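Asks: From just these sequences and the hints, can you work out the full model?
Line order of the protein sequences matches chains A and B.
Convert by adding 877 to the 1-based position in the first sequence; the result is the number in the numbering used here.
Convert by adding 641 to the 1-based position in the second sequence; the result is the number in the numbering used here.
One thing to keep in mind: the hints can contain errors.
[As the list claims (entries may be wrong)] Computed footprint of chain A on chain B, listed as stretches where at least three residues anywhere in the stretch have a Cβ under 8 Å from a Cβ of chain A:
no.: 1; segment: 772-780
no.: 2; segment: 798-804
[Claimed, not checked] Computed far set for chain B versus chain A, every beta-carbon distance over 12 Å:
no.: 3; residue: M642
no.: 4; residue: D659
no.: 5; residue: A667
no.: 6; residue: R672
no.: 7; residue: G673
no.: 8; residue: R696
no.: 9; residue: G722
no.: 10; residue: F747
no.: 11; residue: I752
no.: 12; residue: V759
no.: 13; residue: F807
no.: 14; residue: P809
no.: 15; residue: P810
no.: 16; residue: L835
Calculated directly from the structure, the hints in this document are not laboratory data.
Bear in mind that the values here come from a model prediction, so they are computed numbers and not experimental data.
For each residue, glycine too, the CB sits at the ideal point set by N, CA and C.
For reference, the chains in residue letters:
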Amino acid sequence: MKVHEMIQPLALVACSGQQGLDREVSGGYTSDLLSDVMGHAREGQVWITIQAHRNVIAIASLKEIAAVILVRGRRPDEETASASDQEGIPVFSTPLDAFEASGILHGLLNAATTPGEG
Amino acid sequence: MKVDLHVHTVLSPCGDLDMSPRPIIAAARARGIDMIGITDHNSTRQLAVMRQAAREGGLLLLPGVEVTTREEIHCLAFFPGEARVDAFQRFLDERLPAIPNDPARFGYQVIVDADERVLDEEKRLLLSAIDAGIDEVERLVHELDGIFVPAHVDKSRDSVLSQLGFIPPALDCDAIELSARADPALFFAMNPLLSGYPVIRSSDAHYLDDVGKVFTCIYPADDSFDAIRDAIRGAFLP
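Replies: As structure tokens, this is what we get:
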């Protein structure tokens, strides 16, 4: 699944880093604790969080995260958006909460990997 | 000069009810402390009475607050003079969410006078995070000529390292604080990138027995706010 394929099902607004819309999504990780993401997220995952600080992009870049989804209508800080543009890591905003967004993403990824469907 | 720059009062919900002005001053003096920082959670409203008590008790007091940022990072901020404290209080009033305190769950949030009579009660929960990120808080503190110190950075919760993974390089910290329980040698061995920051250690006292238990030695040229800021910026652990 590509990053841009999540936009409609997750009601995403693209805030920054649009050059990364064709990146491949391998999974998802939901956490607001940056040290937890640093320790446990894996390459190609979409990171779902409420944290909008620019350190999010630093960690996303380090972990080769495919895209970041900010939940409950949070928007990236100015510095976060410009770091996202520089790194080419898309940052989205969704009105959904982390539970709903994670559930939908999980469903999308399952559908994408189940043979004989889609 | 021995300073303990992180002390709570009865106004903090988690602060013991014995943490009233005169006993705090007496406890600090009994431990040989020269200056304390009063840093209640997200409120400066106990400072006026504390200052008076410190003056009467012959102790220096650095007026401050422990802010909880949007990222749930605790940061100490200190201000020169009442006008700056009041300006920062207006910011806190605007940004603190209107979530009521439940004293049975979180503890009382009272402002007391020198004789421990309750003058007022803060109705909003002071443990909430204010609606402002750490960068915005740091900028405002410095616009008000204040001192900005991320609190207990070694802790696995409520600290800049637990919440953001590392200290943003652009964040202008006058110093960082290590908690009473930290092992500084181990901390800097594990976080070598932080060795350039000035460091203070404080008690984070919520009980009288803890006031001044942990302190930092600083060497200000005099006891003006500017001299104290310079000394904090030059504070390194032995």
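Asks: For which of the previously enumerated hints does the structure constitute a violation, in increasing order of number?
Replies: 13, 14 and 15
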